[in-house]
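The hints should help you fit chains B, C, D and E onto chain A, whose structure is shown.
Protein chains in written order, with our numbering: chain A, 83 to 442; chain B, 83 to 442; chain C, 83 to 442; chain D, 83 to 442; chain E, 83 to 442.
Hints listed in this document are in silico derivations from the structure and should not be mistaken for laboratory results.
Wrong hints could be hidden among the right ones.
Since the list can't tell identical chains apart, any single copy or any two copies may satisfy a pair.
No farther apart than 30 angstroms at their CA atoms in a straight line, the calculated lysine-lysine pairs in the DSSO-like style are these [to be verified]:
id : residue 1 : residue 2
1  : K276      : K440
2  : K437      : K294
3  : K291      : K111
4  : K160      : K243
5  : K437      : K291
6  : K439      : K294
7  : K248      : K322
8  : K189      : K248
9  : K183      : K154
10 : K154      : K243
11 : K440      : K163
12 : K248      : K154
13 : K276      : K437
14 : K183      : K272
15 : K154      : K111
16 : K377      : K294
17 : K183      : K163
18 : K291      : K439
19 : K377      : K160
20 : K308      : K272
21 : K440      : K294
22 : K183      : K322
23 : K276      : K139
24 : K113      : K183
25 : K377      : K189
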Amino acid sequence: MGRLIKKISKTAGLSPGTLVHVGEHRTDKVKITVIDYNEGSFLEKELKSVEESFPFKDSPTVTWLNIDGIQKLDVIEKIGKNYDIHPLVLEDIVNTGQRPKHEDFGKYIFVVLKMLMYDEGKNEVQSEQVSLIVGSNYVISFQEREGDVFSPVRERIRSAKGRIRKENADYLGYSLIDNIVDNYFIILEKLGEKVELIEEGLIADPTPKILKAIHGLKRELISLRKSVWPLREIIQGIEKGESTLVRASTRIYFRDVYDHTIQVIDTVETLRDMVSGMLDIYLSSVSNRMNEVMKVLTIIATIFIPLTFIAGIYGMNFNSDISPWNMPELRWRFGYIAVWGVMAAVVVWMIIFFKRKKWF
Amino acid sequence: MGRLIKKISKTAGLSPGTLVHVGEHRTDKVKITVIDYNEGSFLEKELKSVEESFPFKDSPTVTWLNIDGIQKLDVIEKIGKNYDIHPLVLEDIVNTGQRPKHEDFGKYIFVVLKMLMYDEGKNEVQSEQVSLIVGSNYVISFQEREGDVFSPVRERIRSAKGRIRKENADYLGYSLIDNIVDNYFIILEKLGEKVELIEEGLIADPTPKILKAIHGLKRELISLRKSVWPLREIIQGIEKGESTLVRASTRIYFRDVYDHTIQVIDTVETLRDMVSGMLDIYLSSVSNRMNEVMKVLTIIATIFIPLTFIAGIYGMNFNSDISPWNMPELRWRFGYIAVWGVMAAVVVWMIIFFKRKKWF
Amino acid sequence: MGRLIKKISKTAGLSPGTLVHVGEHRTDKVKITVIDYNEGSFLEKELKSVEESFPFKDSPTVTWLNIDGIQKLDVIEKIGKNYDIHPLVLEDIVNTGQRPKHEDFGKYIFVVLKMLMYDEGKNEVQSEQVSLIVGSNYVISFQEREGDVFSPVRERIRSAKGRIRKENADYLGYSLIDNIVDNYFIILEKLGEKVELIEEGLIADPTPKILKAIHGLKRELISLRKSVWPLREIIQGIEKGESTLVRASTRIYFRDVYDHTIQVIDTVETLRDMVSGMLDIYLSSVSNRMNEVMKVLTIIATIFIPLTFIAGIYGMNFNSDISPWNMPELRWRFGYIAVWGVMAAVVVWMIIFFKRKKWF
Amino acid sequence: MGRLIKKISKTAGLSPGTLVHVGEHRTDKVKITVIDYNEGSFLEKELKSVEESFPFKDSPTVTWLNIDGIQKLDVIEKIGKNYDIHPLVLEDIVNTGQRPKHEDFGKYIFVVLKMLMYDEGKNEVQSEQVSLIVGSNYVISFQEREGDVFSPVRERIRSAKGRIRKENADYLGYSLIDNIVDNYFIILEKLGEKVELIEEGLIADPTPKILKAIHGLKRELISLRKSVWPLREIIQGIEKGESTLVRASTRIYFRDVYDHTIQVIDTVETLRDMVSGMLDIYLSSVSNRMNEVMKVLTIIATIFIPLTFIAGIYGMNFNSDISPWNMPELRWRFGYIAVWGVMAAVVVWMIIFFKRKKWF
Amino acid sequence: MGRLIKKISKTAGLSPGTLVHVGEHRTDKVKITVIDYNEGSFLEKELKSVEESFPFKDSPTVTWLNIDGIQKLDVIEKIGKNYDIHPLVLEDIVNTGQRPKHEDFGKYIFVVLKMLMYDEGKNEVQSEQVSLIVGSNYVISFQEREGDVFSPVRERIRSAKGRIRKENADYLGYSLIDNIVDNYFIILEKLGEKVELIEEGLIADPTPKILKAIHGLKRELISLRKSVWPLREIIQGIEKGESTLVRASTRIYFRDVYDHTIQVIDTVETLRDMVSGMLDIYLSSVSNRMNEVMKVLTIIATIFIPLTFIAGIYGMNFNSDISPWNMPELRWRFGYIAVWGVMAAVVVWMIIFFKRKKWF
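Chain A with its partners taken away, still in its complex shape (with noise of 0.2 angstroms):
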């Protein structure tokens, strides 16, 4: 539950733009690396200090600078000065209880996403910050830890495949926002798995268990909406937003982005719909559960409670030598054998009254 209230209170009071690191220390190092290219030239190092990439800054090719782990404050601070970062987007960056979001500041551009991963072993979706500034000839993108969700990307500039490095750096930040928006696919068909397969379960036995993954399932969904849900809203603002940064060619792709973000969000929403159909199978089958159960000690108990009396009458201590009006069945030579007559027929009448009311 924890991952649905962030704690973000750390910076209250604080004054605006004062770098904190908020979130999970997710790794020590921060690895910073390079990639710089043009049609016709390609280049790409592992930097020891942030200070090697500030050359790569008035080059008229299209430069990548990637950071992986922020929560090194000077690192980020330094980089705020070189390319004259805003300090309200560097304390952003750095906080990574950001709702995704997508502002124009005329020089670059900056957005934030959540990354989503799949998390095998605890068998839940992770999130993780992803911030991007792009620029008029540079890219730079800040993830919170080293992960390889960016290398598709990478290994296309690397062997010059598709227009990537044709384009300018408005296409890298295309091509890093279309990569993630792509991986939600991939979640949501993780999801969309288990939703089939707590159905299954649901269907055999609704156990507390199942109610119980099916709640978790619920709660993945809000947590993944508050993701996904934002998207829309940045996509469309780059797509149709005025920044001279995105070229006419660019925005079509973006369009492209837009469809793809409009058919995660319809995913989510129809798998919340498939889940919240889910609580009410599964309500619907404890009723059912319940009222077979009921039955069962219904037909039981209406049975034998009668026959149980009749043996009972005849348990009772009335003796026949007192009076002749005491149990005179007693002394009939069948009465033994009309008790069990009055009993069956007892039975049998009940049977036929439960099969008018489709009880069996």
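Same frame as chain A, now just chains B, C, D and E:
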């Protein structure tokens, strides 16, 4: 369930514009047919290779190129190159997980729709992606497999019935879309009948099987809704759009399709309302039945438990020889009959009690 | 239920503008009447053929052509040709599955509405499609069958009451629409009474029959809502529209109809709220009754089961001859009375227990 | 319930602008009072006939004409003629089933509101229609019956307290509306207290009576909401409207009323939330009680049924004389005591079982 | 509950602009402090009378006048006169039942907010009204009682930390609002912890006490929502507003507050979702428990009732002396053992039955 969450993660990480067929492999053959017509002339033939269609591109007549089967990527690519289609459009055509949408690329309009068919065998609604590219003098349609859904339009062109032969490509595009939307009504009627059928069963006997049927219907409607809702936006986008490809006279026809779309959406929502009402009735009925079961149990138990107790009393082995206080009734002449009288009184009293409570 | 999902798939695949009568065949005869008037003159007659009405077209007086019965397609077609009506409009007139709508074709305004009638016999609301074509000096109205719903307007024209004879065709169009909307209030009152009736029964005794009645009402309201909601848009469209056919002075009257429409919608929503509240009460009542049933069972069972056990003890055949430890009470003088004392104590204790639990 | 669906079908079919009094006949007398004032002068008198008020129309002072009782249609008609009011406005004034609304007729603004009063006797909210016509130098107010709701305003004018005597007719109109809205808070407090009262009872003991009270409250809130929601639009319409009758300085005051209206709406919604929360609690409590009842039954039954069975065993008439296998315990010295031991063991075992299940 | 519906009817009927303190009387003393600063100078003092603050009005430095305690109406009136504040603003300041809002009066901006505090003693959220008047070179803040909520801002001004000393009054206004919004995160965390706590209890044991806690939480969230929702509009109104008092550079900071506000609203909605999910779980758990109780009862009853019946049979006093048909088993050598065998068979059969039904 797999139908609700389509596998579209296959393309995650690929360069945008990369053609990958996503979806079920529905047919092996790719069938290419071309219909070329104007008011006076008419030509229809099946092509062996897609290249045969290219000469039609520059003819002043209206050309309708129909592709059944989208898994042969080279065919799609060749068409894309010849008609100068954006790579993202080609990607959307072969990726069958698309949400219905419409995009205006200036020289052509791109429309993705879902064709719905009722599979009588499996007793469920099936969906197929249909993509349309409407240019100034041509329409290209892509279907996942060979089908006869467009045959009424084809027939109208052949026989020169209605206005179709006198109109441009935009009218042909309208006719195809109109055809698809009209088809939805058939699906809705099938579902309406299904609802009616289930409802009758529901009133007769609310079994868990009916619950499953209701749930299945609910799911089908969620899926249907996903296909239908975006239509509204699409048709309005074409009707109110600024594209010069759609003439004012055709826009009136699109307004008509728009009305149909609203009707389709209304009907889907009505069906959803009805299905959720059925769930309510189901739960109430289960509740009612349980109530009835409980009443039977309670009536039987409350009548016989006291009687059995009375019988139990006189089964006790207190001997009247030992003490005159020990069950003197046993020694009365009419003790036994008196006991029966007491029992009858209890029963009568109970029945009056139940009558007052309106349990009968 | 068939009423909620109309069969309109009949036209699927036909060329647009093809006239096909869709709907119940409500009348055999087609009755054509014309009323032609201005402030000074008045003429009313029933026509034998539709052609007789054509001379009125060019007269400066206001002409009201009323067609009862729409299944004779040639009549509709002739009117369409004479008044130059768009084929899609004609198609909408004869297809009774239309959603209420309004379209401005410049030379005339086309309005489709639902007339509602309460069928006292079947005890349900019935609906009929009414189409209006309002031109500069004529109004053409189409009804599914002969009815007296427009007679107040007819009467007002005849007797020159109110402003109607001094006004143009737009005022006549307003009067007809106003008439239809006013009729809704009568339906709403009927439904209001029905709600009241059911509610009383609900409080007295929540039977499954009442559940069915509530459900029927709910359904009737869904259907009503479908007729009523689009009205808002329609009337506003006419009032705020740019058509030169509707004069400013008439727009004030349409604003009045608009207010009535909002009131109708409000009332429908209130009825829906009330009906769904009744469902809640129904479920709570069923729950309450079950609770009461359970309490009776529990009180009887918990009182008598222990007593029966006590009686059972002394029914055991342990003989005190064999061992002095075997049920010495049997040999006590006041053993039997002591047992009754124990039993009475159990009962008293139980009653106190139940009193404390507030079960009585 | 009759209050929720007002009878307004009475006017259906009549010519628009026909005056028909719709609503309860609340008073026989019609009381006409006039207050005429400016900063220096003040005149207040009760008129015998409405004609006496007409000289005030052209005076430069502000004239407030108040009509208590709207069932005398000739009075309304005369005022309508003298002040040149649109017939539809007059119709709305006498038809008390109006939805609150505001219309700008250029020369005057017409406002319909609902005045709410708490009837302590019947313990329910009652509503009365108040209509205001605000002109350049006059305000005409119509109430359904004589009441003291405007007396604070009257008092302020008399005593020249506040700004009212220095302001124009628009400020007087504002003061009257402000008065009505302020009155809503009193109603809301009464309902708030009612909610609190019911809630306490709910926690103490969830009886069907409380369910009825909750339902009554819910209904009262539905009715209240219908009066209150349109207010928002009305006040905003006046504040943001283009009427030259409302001066900029008065608009600030209308903004204040607007804030109050939002607060009223907020409170109504909060009350609705609370009432629906109470319904949830009610159902949960009923469920809980049933659970408790079931536990008692189950504990008693599961303890005593096995004991009774054991007692039953030793009540069987198998004679040990016939076979040594027949119940040898009967012949044991401590057989009886052993049986008690077994029974005690069963009880202890059961109690441990229930303790573990946390049923105590 | 009293907290949800504030008593604000006290002012009903009064002349608008009349100052009446509405709300709890929270403090007796009124504390007036002034902080006057620019980049170079700094002055802070507590004033004895409000008149001492008036000289600061025309100084070029930024003046922050803070009033703790709003029940002394003459202080408020004097400030109003000196700073030329609209009487309705003064009325809003002393009436603590205000909905959060923002109004732009040209010369100053008026903002009303709710400060939230967590009362650890009562274990509930408390709210206090804070009003801000932001002018060109002054900010006046009104609090209901002395509190330390603004001390971080005060500290930052004193120590000249951050940009605050270099900025204008609009930045001071921003800082105060930012402080209040940051405080909400602390409240949300407290509520988040409460949710977590209740949830654990819920899974362990769903008692009515937990139901009450859930309901209390729900109510607290309704109240919180009322404070938080209007914030969105307020901050956006300031950020996007046309006031010349807020400079472009400060608007970026307001955009940051806006993001926080959205996050607060998101979190409140998430908490609401979670609480309503908890209610669902609660009901399901109660249902499950009832089911379990029923199963225990049914298993015990269905096993022992038939056995008791069998024992009852052999307790009947049919004497084998009278008829050889009377219970011949009693005379068999292994009759007793055979009876036990039958009983064992019944039990085994029952257990198999229950196993199959998965009741164990």
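We went through each hint and held it up to the structure:
{"no.": "1", "hint": "K276 - K440", "verdict": "between (37 angstroms within a copy, 24 angstroms between copies)"}
{"no.": "2", "hint": "K437 - K294", "verdict": "between (37 angstroms within a copy, 24 angstroms between copies)"}
{"no.": "3", "hint": "K291 - K111", "verdict": "neither (40 angstroms within a copy, 48 angstroms between copies)"}
{"no.": "4", "hint": "K160 - K243", "verdict": "between (33 angstroms within a copy, 20 angstroms between copies)"}
{"no.": "5", "hint": "K437 - K291", "verdict": "between (35 angstroms within a copy, 19 angstroms between copies)"}
{"no.": "6", "hint": "K439 - K294", "verdict": "between (35 angstroms within a copy, 19 angstroms between copies)"}
{"no.": "7", "hint": "K248 - K322", "verdict": "within (23 angstroms within a copy, 36 angstroms between copies)"}
{"no.": "8", "hint": "K189 - K248", "verdict": "both (22 angstroms within a copy, 25 angstroms between copies)"}
{"no.": "9", "hint": "K183 - K154", "verdict": "within (23 angstroms within a copy, 40 angstroms between copies)"}
{"no.": "10", "hint": "K154 - K243", "verdict": "between (34 angstroms within a copy, 22 angstroms between copies)"}
{"no.": "11", "hint": "K440 - K163", "verdict": "neither (80 angstroms within a copy, 64 angstroms between copies)"}
{"no.": "12", "hint": "K248 - K154", "verdict": "between (34 angstroms within a copy, 28 angstroms between copies)"}
{"no.": "13", "hint": "K276 - K437", "verdict": "between (41 angstroms within a copy, 28 angstroms between copies)"}
{"no.": "14", "hint": "K183 - K272", "verdict": "both (26 angstroms within a copy, 26 angstroms between copies)"}
{"no.": "15", "hint": "K154 - K111", "verdict": "within (9 angstroms within a copy, 48 angstroms between copies)"}
{"no.": "16", "hint": "K377 - K294", "verdict": "both (28 angstroms within a copy, 21 angstroms between copies)"}
{"no.": "17", "hint": "K183 - K163", "verdict": "within (22 angstroms within a copy, 38 angstroms between copies)"}
{"no.": "18", "hint": "K291 - K439", "verdict": "between (33 angstroms within a copy, 17 angstroms between copies)"}
{"no.": "19", "hint": "K377 - K160", "verdict": "neither (75 angstroms within a copy, 68 angstroms between copies)"}
{"no.": "20", "hint": "K308 - K272", "verdict": "both (18 angstroms within a copy, 20 angstroms between copies)"}
{"no.": "21", "hint": "K440 - K294", "verdict": "between (34 angstroms within a copy, 20 angstroms between copies)"}
{"no.": "22", "hint": "K183 - K322", "verdict": "both (15 angstroms within a copy, 17 angstroms between copies)"}
{"no.": "23", "hint": "K276 - K139", "verdict": "neither (46 angstroms within a copy, 49 angstroms between copies)"}
{"no.": "24", "hint": "K113 - K183", "verdict": "within (25 angstroms within a copy, 42 angstroms between copies)"}
{"no.": "25", "hint": "K377 - K189", "verdict": "neither (74 angstroms within a copy, 70 angstroms between copies)"}
In this structure, the hints that do not hold are numbers 3, 11, 19, 23, 25, in rising order.
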